[in-house]
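**Student:** Below, each chain spelled out in residue letters.
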Amino acid sequence: MRLQLSPELEAFREEMRTFFTTQVPQEIRDHVAAHRELEKDDYIRAQRALNAAGLAVPHWPVEWGGKDWTPLQRHIWREEMQLACVPEPLAFNTSMIGPVLAAFGNQEQKERFLAKTANLDIWWCQGFSEPDAGSDLASLRTTAVRDGDDWVVNGQKTWTTLGQYADWIFCLVRTDPGAEKKQRGISMLVFPMDSPGVTLRPIELIDGGFEVNEVFFEDVRVPAENLIGEENRGWDYAKFLLGNERVGIARVGASKRMLAQAKQHAQEITVDGRPLADDPFMARRIAEIENELVALELTALRVVANSADGKPHPASSVLKLRGSELQQAATELMLDIAGPLSLASFADGGSDVPDWARAATPHYLNYRKVSIYGGSNEVQRTIIAGSILGL
Amino acid sequence: MRLQLSPELEAFREEMRTFFTTQVPQEIRDHVAAHRELEKDDYIRAQRALNAAGLAVPHWPVEWGGKDWTPLQRHIWREEMQLACVPEPLAFNTSMIGPVLAAFGNQEQKERFLAKTANLDIWWCQGFSEPDAGSDLASLRTTAVRDGDDWVVNGQKTWTTLGQYADWIFCLVRTDPGAEKKQRGISMLVFPMDSPGVTLRPIELIDGGFEVNEVFFEDVRVPAENLIGEENRGWDYAKFLLGNERVGIARVGASKRMLAQAKQHAQEITVDGRPLADDPFMARRIAEIENELVALELTALRVVANSADGKPHPASSVLKLRGSELQQAATELMLDIAGPLSLASFADGGSDVPDWARAATPHYLNYRKVSIYGGSNEVQRTIIAGSILGL
Amino acid sequence: MNFDYDSEQNDLREAVRGLLARAYSDSEQRRGVVKADPGFDEKTWSRLAEMGLLGLPFAEDDGGMGAGPVEVAIVAEEIGRVLAPEPFIETVVLAGGLVSAVGTAEQRAEILGGISEGSTIAVFAHAEPRTRWAATAREVTATQSGDGWTLTGVKEPVPSGARADLLVVSAAVDGGTGLYLVQGDAAGLTRTAYRTHDGTRAANVRFDGTPAQQLGEGGDQTAAIERALAEARIAYGHEAIGAMDTALRTTADYLKTRKQFGVTLNKFQALTFRAADMYVSLELARSVALWASMVQDAGGDVVAAADRARLQVSRAGRHIGEEAIQLHGGIGVTAEYSVGHYTSRLIAIDHLLGDGDWAAARLAAKVADYETVDPLGAPYAG
Amino acid sequence: MNFDYDSEQNDLREAVRGLLARAYSDSEQRRGVVKADPGFDEKTWSRLAEMGLLGLPFAEDDGGMGAGPVEVAIVAEEIGRVLAPEPFIETVVLAGGLVSAVGTAEQRAEILGGISEGSTIAVFAHAEPRTRWAATAREVTATQSGDGWTLTGVKEPVPSGARADLLVVSAAVDGGTGLYLVQGDAAGLTRTAYRTHDGTRAANVRFDGTPAQQLGEGGDQTAAIERALAEARIAYGHEAIGAMDTALRTTADYLKTRKQFGVTLNKFQALTFRAADMYVSLELARSVALWASMVQDAGGDVVAAADRARLQVSRAGRHIGEEAIQLHGGIGVTAEYSVGHYTSRLIAIDHLLGDGDWAAARLAAKVADYETVDPLGAPYAG
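Protein sequence lines correspond, in order, to chains R, H, Z and A. Quick note, the working numbering runs 1 ahead of the 1-based positions in the first sequence. Quick note, the working numbering runs 1 ahead of the 1-based positions in the second sequence. Quick note, the working numbering runs 3 ahead of the 1-based positions in the third sequence. Quick note, the working numbering runs 3 ahead of the 1-based positions in the fourth sequence.
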């Protein structure tokens, strides 16, 4: 057991920190810090800045731009990115379809898509969940029927995040309705969002924002060469994709950043003329969340330090569960620091309420999602009880 | 809606308070206040003092010593008793077998048992739970087989509280193993604990005390007239008995008493020369528990004020659940006030640690039981989800 | 001692429920209303007036109905049940309450009459960008000028502050905090309105030598403000109870109908137990809210009772609001489904006039002053 | 940066586990041992000595093994796993740690040698009836008499205080708190032993002009005490991790085998989810405990790290200890079944040397002094 990073890793961390804080446009990082919604162009500029330096897809195979880093290096890379408020490379591109294409796509598909996917020249969105297939994804109903050289896709997807910006969609479709096991009749297709028969309906969220969509398919014709991997093997690719980078979801760096902001704002808010930060209850609440974050970060480090052999450390299932709880605790803390000012959520010019306090409630409401998406906390508990405790 | 008690009820409350604080031996009430184990004789003296004044079994039928009080009067009676640290009349006698005998016993049984039961001339214990029939009581295995004028009982009971003091036991036994519904083959028998074939084994608890027992039956012969009510109707009597006085289990008065003691002890403990009570975190913790207790007491009042018609108010299922949680919160508070002194649990002469601090940890450990017995908190949640929310 | 509504109170409850059920039969209807300024439905406001609800607590001499806090609580709970966005508590309980408590006979007759008829929407402009749930004013100051007064400074956020016809304004003045009346069209008054997350409106209200009339006979009004805030906290508590009740019922219905893995969600014990815990939180909070109204009715210590209700309702609101979304899953965070709006409103209520931690700190400061709490005795029974 | 034991550490772990598995193969065996004074098994103590564990952290020149905090942590975790009642942390980490930190070469050689051989049981007599987890002494005072010292006052509770051959005693002296050595058979020493709820022993230790020898060169030893207490908190944290690990495993096994309503309890999702939450608490606490030992090993701020470990382990211990009993039901509160003893020991550990709220208050006092915590950086990396 050793606490310190090796000199090489210290240097690596310094290199990442310097790059993220100097080479990614400041105004984009300011948007992230203030929890303002990013424009499509902000995502693209940030990811291209990373990609130009070879830092967008370090976990990909080297021949497609990967870095052959250790899990610990990837962890440091991600944490420093979050601490510096750099928008992470689009997960749909870099953590989801990219790795699937690299692992299961044919050579032509790799050459056609991977470079553009890394550089966000193609913006991908995900077509997995359906109105009646949420946690129970395998019961999806969208169908693809072979017709000549095409697949004809009909059905509906939902919760498609940032679909309004997407050029292409990777989609789970049922290609064998007769399969004895419903998981076995599913394939993965990719196609342009502007294909005839694709329509998109934005869904407003309780914070007033639009980040998810319903996507409808009506006789969408998809060329046969857009099938990824083998027919009816889509479920395996989906599991591979969803299991990918489980460690990243702890989002410790992002929560640490929020907590640091909370401390600062607690200094700015005054109660009877004294800073709220001097209130012992507020200090104690911050200290308790902070200690939980230390525990989470150390657990993430245990996981990455031990998962060099590839198979995920058992404790990794803890990361999504507690990571989402602590992200929510941080947003709730910010909300309560704002206190009466948190009412001014959509104030604009002519308000004396600071930006961060205006953003507090929408951010709190929006973050209710983090314990639901990407495998709800109930799913995580099921995994822990089943796979780890054998219950 | 009206807050105040009527003048009559105010007078009633005053009468109860005066009686309990002047007519029940002080040293017994001091034992209760200090959470010291009571001697058998303490229970008996306390109950006889109440019974002499007609205050032991107010909820029984008038002809057997009952008072025909309203639920609110019974609530006040119980709360004042707990606030005054008066040991409550033995539940096995007054809340369990007594009401069952009064409702379902034959005239001879009533005359034979009820007066002695009210006066604790007979000490009853309960023979319901078995090693493999806890929450799932209906699967009990103890059998009674008819042989001439007797029932012959074989089997084992457990969790028999204070069985070591008991003169008689009321017992659920399987009299029809062939019944299609297992609930339908159960009868209730009563018999002396010194009957040949009855043996008792005390079970030590984690606080070092002995309050529950295993009871073994080997060919115990019970005269046929000791069957209560009808053969194979025992399950109905058990449900009647367990549903009895659901309101009492909130134990608000007892928890209020503990909280008052906690406040006092927090004044006695010094931290860096200042009373622990001045620590803002301690004050806040006390205030939060106290407010939960106020909420529980008001909910209990809502229930009793509305259940005059007999059928229990839906919110009554909340009382056991939250009542046990708050009893445990109060014991944990006391434990943390004692802090380092809580280690001295079994100190005797020659210790500088005050009695209350010595008792804190055993009391905390002992009170883990209150969320388990009398229908565990899991059972309570099942009732709320099912009967109230229809889930 | 009893917790039952009498028959008139039950009738009132049914009448209010019926009126609001027509106005907000579903969440889409409310969404439509709150999209446009002023963030509520003027027609519904008139109907509330026609039913006499806007004058409910005011003395009959002042043009009101002379009803008590329990009747106000009934209306507030029904408002919460459907998230009616009309500023009932802001206008009737808070602004109206202050006018009826400290106003001159003339002011009472004029203002309370107007509120009761629905012709005057008055709100209390009290919160300031740099104060936090205080009963006093610091940033807006009042200066005597001739026989009138002028106000200078900023109030924010002021619920319905831009729509209001009349502002009751707290301002620092020699000897404490005074109360003043400012007309919506007064000179030197700048109001900037914005939507709040719960669909209602609030405003930044800027006074710049704005002419104002003193409310009542003057002097330090901190005690009157503290009391009015306490009565409003109790009323908001009842609104929250109504909202929690609907959120829980909606969640239970969803668990009964939504299928995953081939079965309805109520087959998952971990979910039904959490719904049971929501019920426990709701019923405990309901008990304290009802009690606080009875304390007010009995003339007891309404400020202390309001703190207790605030703490209990705040904890319950967080618990139920967050669990209601979580037990729904993704649909719970969409604006197209109802439950998230309840969570949003519960959070708004919690940050109006003091949150749970704020109330807990106030209770903690006094906890050593007494041995036990007797909710039926002093200081609550009056 | 890595969290893996090296092969020697794994061997140590296996050896300790094997030794303790023989000594405490089941909960009844431990029950038998703790029934009789001194509350632990002297034979097992000798075996720990033979394996070199009682000299583990001491310098080889002082008769020890020169091992580090990670090795100590491994022993502590194995002790917790079976609730071994031997006073390893009290004697080796706390008393031994103080002697090795401030003792003269002569004192170190004599005392640490005796501890390593198992011939001397030394404990730190520090807690006082009227102080609360302080690093200083108030109620026991030291007075110089000739070339020696005498102590007067009371220490309580002192773990294994009556059995100890040697007491390391903190006492108030001009200029702060000093450390003194008192022999078990010293004149004017009265020790009253009693059982504690977790089966171990503690004592009231009364000094009445009791002759004592100064430990080390004298002067204020508060810093050394603070550090030794921190190292003991970390070691107790590992003992708690071992105990929680067993409590969770025992609970999971019970859920898999215990039947109610015709099925095993692991068919009840509400129960399995709670077991999953216990696992989350355990693994998070384990991470901080391991980290704290690494901070100590790296020469970082061990006091700050110990506070973090204390808070995390305390919260986890309450959660897991209480849930372990609740998920078992009635059998969990009996002394005849193992799990309740784990809850009892976890509570004892929590009240030795400072509980979770105590640690949280210490962390809260410093939380404004820095922006973010970097557990791999200053002040922890040394």
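Since the hints were made in silico from the structure, they are not lab data. Hints should not be assumed to be uniformly reliable.
[To be verified] Think about it this way: if two alpha-carbon atoms lie no more than 20 angstroms apart in a straight line, the pair counts; the simulated EDC-like pairs of lysine to aspartate or glutamate are:
1) A:K262 with H:D137
2) Z:K270 with R:D133
3) Z:K38 with R:E205
4) A:K369 with H:D280
5) Z:K369 with R:D280
6) R:K41 with R:E212
7) A:K38 with H:D280
8) Z:K369 with H:D279
[Unchecked claim] Sample of chain A residues at the chain R side, in silico, Cβ under 8 angstroms:
9) D7
10) V298
11) A301
12) V306
Here the structure is a predicted model, which means the values were calculated and not measured. Think of the CB as a built atom: it goes at the ideal place given N, C-alpha and C, for glycine as much as any other residue.
**Student:** None of the hints should be skipped; say for each whether it holds.
**Tutor:** To see whether the hints hold, each was checked on the structure:
no.: 1; hint: A:K262 with H:D137; result: holds (9 angstroms)
no.: 2; hint: Z:K270 with R:D133; result: holds (17 angstroms)
no.: 3; hint: Z:K38 with R:E205; result: holds (13 angstroms)
no.: 4; hint: A:K369 with H:D280; result: holds (17 angstroms)
no.: 5; hint: Z:K369 with R:D280; result: holds (17 angstroms)
no.: 6; hint: R:K41 with R:E212; result: holds (11 angstroms)
no.: 7; hint: A:K38 with H:D280; result: violated (38 angstroms)
no.: 8; hint: Z:K369 with H:D279; result: holds (11 angstroms)
no.: 9; hint: D7; result: holds (7 angstroms)
no.: 10; hint: V298; result: holds (6 angstroms)
no.: 11; hint: A301; result: holds (4 angstroms)
no.: 12; hint: V306; result: violated (15 angstroms)
Hint check: violations occur at hints 7, 12; the rest are consistent with the structure.
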